[in-house]
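J.: Sequence:
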Amino acid sequence: MSHSISPDSSAPAEGGFDVHAIQEKWQERWVAADPFRAGAESDTRPRKYVLAMFPYPSGDLHMGHAENYLYSDIVARFWRHRGYNVLHPIGWDSFGLPAENAAIKRGVDPVSWTYDNIAQQKTSLKRYGVSFDWSRVLHTSDPEYYHWNQWLFQQLYERGLAYRKDGEVNWDPVDQTVLANEQVLADGTSERSGAIVEKKKLTQWYFRITDYADRLLDDLNQLEGSWPQKVIQMQRNWIGRSIGADVEFEVEGREQRVPVFTTRPDTLHGATFMVVAPDSDLASELVADRADDVKKRFADYLASVRKITSIDRQSTDRPKTGVFLDRFAINPVNGERLPIWAADYVLADYGHGAVMAVPAHDQRDLDFARAFDLPVRVVVDTHAPITGAIPVIELDDDGVPIDPGSDLDFDSIDPVKTGIALAGEGRMMNSGSLDGLSKRNAIARVIAELTEAGTGRAAKTYRLRDWLISRQRFWGTPIPMVHSEDGDISPVPENELPVRLPSTEGLDLVPKGSSPLGAATEWVSTIDPLTGDAARRDPDTMDTFVDSSWYYLRFLSPGAETEPFSRREADKWGPVDFYIGGVEHAILHLLYARFITKALFDMGKVEFTEPFSNLINQGMVILGGSKMSKSKGNLVLFSEELDAHGADALRVALAFAGPVEDDKDWDDVSTTGATKFLARALRIAHDVSSDTGVVWAEGDAKLRRVTHRLWADAPGLIEQTKFNVVVARLMELVNATRKAIDTGAGPADPAVREAAEAIAMIIDLFAPHTAEEMWETLGYQPFVGLAVWRQPDPTLLVEESVTAIVQIDGKVRATIDVPARIESSALESLAREDARVVKSLAGREITRAIVRAPKVVSFSTH
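At position 552 of the sequence shown (counting the first as 1) the number is 552 in full-length UniProt numbering, and the numbers step up by one without a gap.
No lab work stands behind these hints: they were computed from the structure.
Just so you know, not all the hints are guaranteed correct.
Once the Cα atoms are required to be at most 30 Å apart in a straight line, the calculated DSSO-like pairs of lysine-lysine come out as [unchecked claim]: (1) 165 x 307; (2) 295 x 320; (3) 460 x 702; (4) 122 x 105; (5) 126 x 200; (6) 165 x 605; (7) 25 x 230; (8) 295 x 199; (9) 605 x 739; (10) 722 x 702; (11) 839 x 126; (12) 199 x 25; (13) 122 x 627; (14) 627 x 230; (15) 122 x 25.
Predicted model only: the values in this text are computed from it and were never measured.
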């Protein structure tokens, strides 16, 4: 691709194309005129809200940013050209660990480090020519912003959606802070530091996102066709709704029952033991009054389990391990005593941290049963049809079939012997009142029986867990709560918000397992708002995903002092029409933003329940087949590319490099070819010699058809994010116009001016500086970025002639040019009279003719 961006990519840049002079000229004019500010209240145009995921200020921008903001700018410019009032703001996600870690490493204040980087990135974005509304800039680390993070926290707290509890958390031993489940990668490492995540028991703040699990899942249906299917499926999988039953098991010697969630309550008669998560509170409680040897075995086992990641614990390849807790549960459907084991394949945060083990029909349970010689009982005949009458296979107490039937070889399917669980559907057996029922009917009946007996009920569970938002770091939003000496917790009065971060002077930011804010004695000491007694501020800060969960709303009224955002502006602009960013945020950020939006809807703050109507995910910019990184030394620096090639060539090269969703290898991106293409486009504007009042209809019809076909196709291609195809079509028009100037009607032809103006208007999406220069050269006032695109002339979209092929006995014997609207009879006559057809027939009689006007005529002679 790097050598084919333009048919004439080997030619030198034409027309004295000084990219940097043109760039500086138009950027100065944009600053002076502010043409991309969203329209005023009196603006009656329809609205579009276009938003790119905002950057983190970790140094200068990189090529991923270059791609992201190019795509958002293409979309924003397109809708302005279509006559819309477009809001396209920018801000910075400026709190977080990278800034704090960088400040510690360099011995500087995270405040100055962050805002210096913001200034650098802002300069680069302006050089890049992105049409942002610069009047709406926000930084999440400004007190004016995080004031409303604190307000949001308290609103959730009042509604029971923010709470504090003790629990086992993910602990990053390098960054010395807790992580939400979503911030732990599949290999058990921290997404930030790369360290193996440990488990630790701490008291932390949570947002009760699980209260919204059903809505978060079901409302994904609204986004079908508007969000990438991959993202929708990732969210569905993460929420992970399972439907089944909560079954309550009595435990001998324990007053309180143990609830167990199962998706297969129909197999309750096949339960032969119970398994609890070793790191659950339940396991510790069950061994608390056991003999010392039991306690020691359990403690040793628990210590070994804590060294294993959750991912590894769920691996089906690992040998099953466990320890008997010297306790028994009672199966509520048949009164059998079930030994209780602790085993690492059960996780504390799944269901209630305990499972009923049905080894005949669950592979992990079967592996465990075989490892510890535990009973296996078949209760589903998976070889029986699930419709019609069937014989029920009965087993004796040892699991041997009493009447295996005439054709069934039970040994060949016996889970104990084969080591393979019978996981399919079938008819129930050895299950009392459920015998002979299908899975669906058995589940309904057993739930009804459990409900009537008071030992169970229908239930749902989710993979999703509540959002842990506490962070033991300095650079974040302080949690606006006060702790009294007797342990009570109270919100900071709303009129005292924001609770500002203290100065870092004299404060050691090096992580030590607790928040540095706890050591800021003067800051942490406060007064209990309820009693007036001495109290302490909460020393933790909020997860930075809180900052980004609602920032799209703050852009609507970034200067608001008495509210987080204007409801009136939210009604006018929200939700976001087009949201552009990387697929790496498919779960974390997007899920949290959806949750907060739904919570705000319930508070009556917004009238919509989904924040982003359309989602555009771009691929990564890689180098030599690998992801760019400082450690690999394969970074392509954005500022250096701007210096070398200018913004327009960089933008065109990236847009042309491939489909939006694909990764682009920088080795295949041709900024040189893009520069030559832009020079040819600008030279066309200089060559046009007709004036602005020329009558286009008097121009060359062939060139006009090329121009109008692009006018007709470009909108649909842009809406389908086929930006690379639009660039290719622009190249075709540039070449056709060049040909018309040099060998056709000449530079004075009205069609040449019409084509040049179309090039300027459409190329503005990709190369705005060049587009403005062309527009001015063509005799128009700035700004082409605000010019409404023209409509295609339908008469120019109709092909005047087409080439029809003529076949004789399946072989092409002639091609003839015919009118595009020719009738079938006329086309057949022309084909019969064609000299090549007559010669090929050699006197043979045509026995059959098939005519598909205007493209094909097929003659048969036999």
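J.: Compare the structure with each hint and give your call.
T.: Hints versus structure:
Under the criterion of a C-alpha separation no larger than 30 Å, the hint pairing residue 165 with residue 307 is consistent with the structure, at around 24 Å. Between residue 295 and residue 320, the direct Cα distance comes to roughly 20 Å. Compliance with the 30 Å bound is thereby established for this hinted pair. Taking the CA atoms of residue 460 and residue 702, the gap is near 65 Å; set against the 30 Å cutoff, the hint is violated. This hinted pair checks out: residue 122 and residue 105 have alpha carbons roughly 24 Å apart, not beyond 30 Å.
Of the pairs offered as hints, the one joining residue 126 and residue 200 is violated, with about 45 Å between alpha carbons and a cut-off of 30 Å exceeded. For the hint pairing residue 165 with residue 605, the CA-to-CA distance comes to about 28 Å; that is within 30 Å, so the pair holds. For the proposed pair residue 25 and residue 230, the alpha carbon gap of about 43 Å is over 30 Å, so the pair is violated. Distance check on the hinted pair: residue 295 and residue 199 sit about 21 Å apart at the alpha-carbon level, within 30 Å; holds.
Using a Cα cut-off of 30 Å, the hinted pair residue 605 and residue 739 is violated, with the two alpha carbons roughly 58 Å apart. Pair hint residue 722 plus residue 702 holds up; C-alpha atoms about 25 Å apart against a cutoff of 30 Å. Our distance criterion of 30 Å between C-alpha atoms is broken by residue 839 and residue 126, whose separation comes to about 69 Å. With a C-alpha separation of about 57 Å, the suggested pair residue 199 and residue 25 falls outside the 30 Å cut-off, and the hint is violated.
Our distance criterion of 30 Å between C-alpha atoms is met by residue 122 and residue 627, whose separation comes to about 25 Å. For the suggested pair residue 627 and residue 230, the alpha carbons sit about 21 Å apart, so the restraint of at most 30 Å is met. Taken as a hint, the residue 122 and residue 25 pair is honoured in the structure, with Cα atoms around 18 Å apart against an allowance of 30 Å.
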